[in-house]
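Please build the complete structure, drawing on both the sequences and the hints.
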Amino acid sequence: MTTTYSLGWDIGGAHLKAAVINPDGIIIDIFQQPCPLWKGLATLHAAVNAILQALPDGNYRHAITMTGELVDLFDGRDEGVRQIIATMEGLLPNPGLLVFAGKHSLLPHHQITAAHYPDIASANWLASAGFAAQTVGEGMFIDIGSTTTDVLVLKAGNVQVQGYTDYQRLISKELVYTGIVRTAVMAVAQTATDEGHGIGLMAEYFATMADVYRVTGELNEAHDQTDTADGAEKTLQASARRLARMIGCDFYPGQLPRWQAFAHNLREQQVQKIRLACEQLSVNSGLSANAPIIGAGIGRFLAQQLAGQWARPYLDFSQLCQSSATTLNAADCAPAVAVGYLNHHLKQ
425 MTTTYSLGWD IGGAHLKAAV INPDGIIIDI FQQPCPLWKG LATLHAAVNA
475 ILQALPDGNY RHAITMTGEL VDLFDGRDEG VRQIIATMEG LLPNPGLLVF
525 AGKHSLLPHH QITAAHYPDI ASANWLASAG FAAQTVGEGM FIDIGSTTTD
575 VLVLKAGNVQ VQGYTDYQRL ISKELVYTGI VRTAVMAVAQ TATDEGHGIG
625 LMAEYFATMA DVYRVTGELN EAHDQTDTAD GAEKTLQASA RRLARMIGCD
675 FYPGQLPRWQ AFAHNLREQQ VQKIRLACEQ LSVNSGLSAN APIIGAGIGR
725 FLAQQLAGQW ARPYLDFSQL CQSSATTLNA ADCAPAVAVG YLNHHLKQ
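Heads up: the sequence shown begins at 425 in this note's numbering, then just goes up one per residue.
If you are wondering where the hints come from, they were derived from the structure by calculation, not from laboratory data.
Note that the coordinates shown come from a computational prediction; the quantities given were computed from them, not determined experimentally.
Hints may contain errors.
Only pairs whose alpha carbons sit at most 27 Å apart, straight line, appear in this in silico BS3-like list of lysine-lysine [stated by the list, open to error]:
| id | residue 1 | residue 2 |
| --- | --- | --- |
| 1 | Lys-579 | Lys-527 |
| 2 | Lys-658 | Lys-597 |
| 3 | Lys-697 | Lys-579 |
| 4 | Lys-463 | Lys-658 |
| 5 | Lys-597 | Lys-579 |
| 6 | Lys-597 | Lys-527 |
| 7 | Lys-658 | Lys-697 |
Here's what the structure looks like:
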């Protein structure tokens with residue numbers, strides 16, 4: 425008898441992620457492929473096919489969510505949603521493709537109309553936060569990824585949503601446009617501390633936060649699938665050299681401690697941006713004192729740090745599900761996991 429799996433896809437502007445869930449509700453594999461969608465739909469074709477070729481034999485029910493409609497390949501968000509759905513319809517062999525449409529949850533692809541596009545666009549955060557809310561009940565969900573951070577209050581098994589669109593969520597602070605890999609250093613700070621001096625940073629694309637976290641020793645290299653700012657290698661010394669450039673300096677190997685201190689200062693400024701958003705959302709939230717911080721995304725070690733500072737319990741997203749995957753952690757690809765489980769439970 426052929427096994428039927430649920431496969432959740434998260435189609436981003438820079439990465440494609442997928443989670444495979446078996447009939448017992450166990451995640452058996454997780455994939456991430458670089459997918460610089462702004463370069464063209466051929467990148468999505470290549471990434472999807474690479475994952476499909478790596479799947480075990482079996483039948484698959486597919487569910488997708490996305491943020492890739494934002495890339496400047498498309499004239500607008502609605503057009504991006506339309507083209508991504510059409511592309512996935514052509515690439516995935518199962519005719520029962522489901523699309524995550526935010527408040528409407530999963531909809532069959534053939535029922536999708538243009539009226540659904542605003543609910544589909546960049547709704548992956550609601551899939552993962554909703555999964556966490558249903559599992560934990562109450563807490564603050566913080567998903568820190570390569571590019572963005574989502575902060576949501578969970579109460580009584582529901583997500584206390586203040587905004588649904590990216591525009592609304594940037595106002596509410598539920599979306600903080602900062603991440604630990606792709607974000608340019610100049611987008612995180614305008615000044616920093618170096619050797620006891622406050623110094624302005626150059627407004628140039630000389631370095632990214634991947635360089636910061638490589639120098640602090642916290643970057644998992646498997647999570648960095650993006651080109652460096654200068655196209656050079658991804659080594660400790662190369663990252664220190666790029667950071668030095670931000671304040672008009674050259675890097676010399678004997679000065680590594682200087683650039684480690686500099687990186688930690690930049691790191692703290694990014695944490696402060698996330699902390700301020702969390703504090704704003706926690707005001708009048710009514711969260712109990714023992715409500716946990718639920719951390720997701722490849723930068724969730726920062727969420728764990730914040731939980732410690734606030735003396736709140738920390739719960740990793742991976743603890744909310746069962747997984748035998750040996751490639752990536754379920755928390756690394758929370759939206760793909762979440763739509764995979766939505767699909768799995770829909771068919772039970």
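For each hint, the structure was consulted:
1. Lys-579 with Lys-527: holds (17 Å)
2. Lys-658 with Lys-597: The hint is violated at about 32 Å.
3. Lys-697 with Lys-579: holds (24 Å)
4. Lys-463 with Lys-658: Holds, at roughly 22 Å.
5. Lys-597 with Lys-579: Holds - the C-alpha atoms of Lys-579 and Lys-597 are around 18 Å apart, at most 27 Å.
6. Lys-597 with Lys-527: holds (20 Å)
7. Lys-658 with Lys-697: Holds, at roughly 26 Å.
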